[in-house]
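**Student:** Note that the protein sequences, when read in sequence, are chains A and L.
Position one of the first sequence corresponds to residue 5 (the numbering used here), numbered consecutively onward.
Position one of the second sequence corresponds to residue 21 (the numbering used here), numbered consecutively onward.
Hints listed in this document are in silico derivations from the structure and should not be mistaken for laboratory results.
Calculated pairs, SDA-like style, for lysine to any residue (alpha carbon to alpha carbon, straight line, at most 20 Å): (1) A:K62 / L:L305; (2) L:K384 / A:I6; (3) L:K248 / L:D151; (4) A:K92 / L:A385; (5) A:K61 / L:Y279; (6) L:K248 / L:M275; (7) L:K179 / L:N220.
Covered by chain A, per the in silico footprint, the following chain L stretches (three or more residues, Cβ under 8 Å): (8) 192–201; (9) 293–301; (10) 370–383.
As the structure is a computational prediction, the values presented were derived from the model and not from experiment.
Ideal Cβ placement from N, Cα and C applies to all residues, glycine included.
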Amino acid sequence: MIEVRWHGRGGQGSFTVARLLGKAAALFENRPALAFPSFGPERRGAPVLGFTKIDDKKITDRSEVVACDYAVVLDETLINEKITNGIKENGTIVINTAHPEKYDYLNGVNQISIDATSIALEILGRPITNTAMLGALVAASGIVSLEAAIKGIENELKPSLVEKNVEVLKRAYNEVKGENHE
Amino acid sequence: MTEKNRYFVSGDEAVALGTRLARPHVISAYPITPQTIVVERLSEMVEDGSLKAEFMHVESEHSAISAAMGVSSVGARSFTATSSQGLLYMAEGLHYASGGRFPVVMMNANRATALPWSIFGDLRDSLSQLDSGWIQVYVEDAQEALDMMIQAYKIAEHKKVLTPFMVNLDGFVLTHTYEEVEVPDQEMVDQFLPPFETPNKMSIEKPMNMGFSTSPADNMEFKFQQHKAMMDSIAVIKEVDQEYGDMIGRYYNGMIDTYQCDDAEVILMTLGSVTGTARVVVDALRAKGLKVGLLKIRYMRPFPEKEIQEVVKNAKVIGVLDKDISFGFEGTIYTNVNSALVRMQSHPQSYNFVAGMGGRDVSKADIEEMFMDLLHAAKGEEIERVKFINMGVEING
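With the hints as constraints, model all of the structure from the sequences given.
**Tutor:** What follows is the structure in structure tokens.
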């Protein structure tokens, strides 16, 4: 089972993307998935977590995610030295930042960074980075195919938002893929 | 299964999808966390015309259940949904509905009861209403939730049953977790669940007295009939489960479900979504050669006495996981299970684990601890009779 933990603030779409990834896996790759938020009241701006579990067989484990394979950080103001807690050994943190060197102090996990905010501002005109971060995660992990992620966006988002978010997804995907090839 | 019939939805949304397929005439409900999304989705379905029903924005849960009884009394199909404090606010109406033999169907999102205030999940709300005369089923995942909304009407409206029906989902862990469900075709559901027909309704052609008073001369007979209907519902529950499986393709094994119980020395009993987590733990312990099994209690009323007795007869020790406590005694599920056990000629020893109250996570390690305790007891070691799992304070410490 692959477990992903999404870090964002209320209103940034971090749970939407947790669900989108689950949907991409379940509906478009026939792989069972669960997606759930950190339970409780929802407040704009407050730190929130989202979780996606994906497996090749039916997932019945409904306990909290203790150790994740990937942590994806939509908002870098949430980063402190504790953020790597609960990431598996050899796990990966994917960070939205224009200054990856700031996080060199995070030890023990693989780090991938992308300036998702710039991509989102350029294409969407708004700093909503969830689909960019999904593109980065998909490129870094191969958890689902790019095609399944695109279908997930088409299925999940309002039709008026689909085209530009698919563009965001592909841009982020290619950026991370490009860096990995270097 | 065509692609259009597969949805990635939350437990609450699965309830709304299942309810729509059952074609209720009237929905009367008051929103409360974590049930809210059920009511939101149903109101959207009524608004967009995909559900031809009247949506009543009632001012309280007491009114929600009252309206639902009114709907039922004219022979129409009603739906309501609530949780926790809302269920408790309905309590008077719960007895009224069962006594009046109104086959109302309700979804309840299991949530802790105040005080202290908590919006998170446990079973103290519905278990405190075990004696209200409602059938109570507890589901494990979103698919079972969807399927049981449809089965609920068929069972509740059966002429031998005519008893209200409560479908319970664990708050948040189930209501707010998204997963894939398969949604049956409307035509198939229509075939399975024909329109509600009852001779007991307000009618100009055949006027009758409903919701009346009784005297000591006849009250007990009414209560006996209520009891008998609930006992008779066990056979109906099994028939309906079979018929649903034959038509739609999913069976839930009636009153209880079992996992790896055949040769199990120790068996843990669970309700609801924590059963899924326990399945994983059973697999892990079986891989180590430990003879552990799992019994999922689906219905708390009627209670699966015979079914439990049959499964546990060869076990040495059983445990009951309660996400509740009856203050001053023990977990309510445990009390019920014990009552079934003592009617056996010889029965396994039983132990109680109180866990997961107020939304506390029940981890795989917690469940493993329960199984290990039971295995120790099976070897004759002494373990606590009622144990609170994963708690931060000491009792009498």
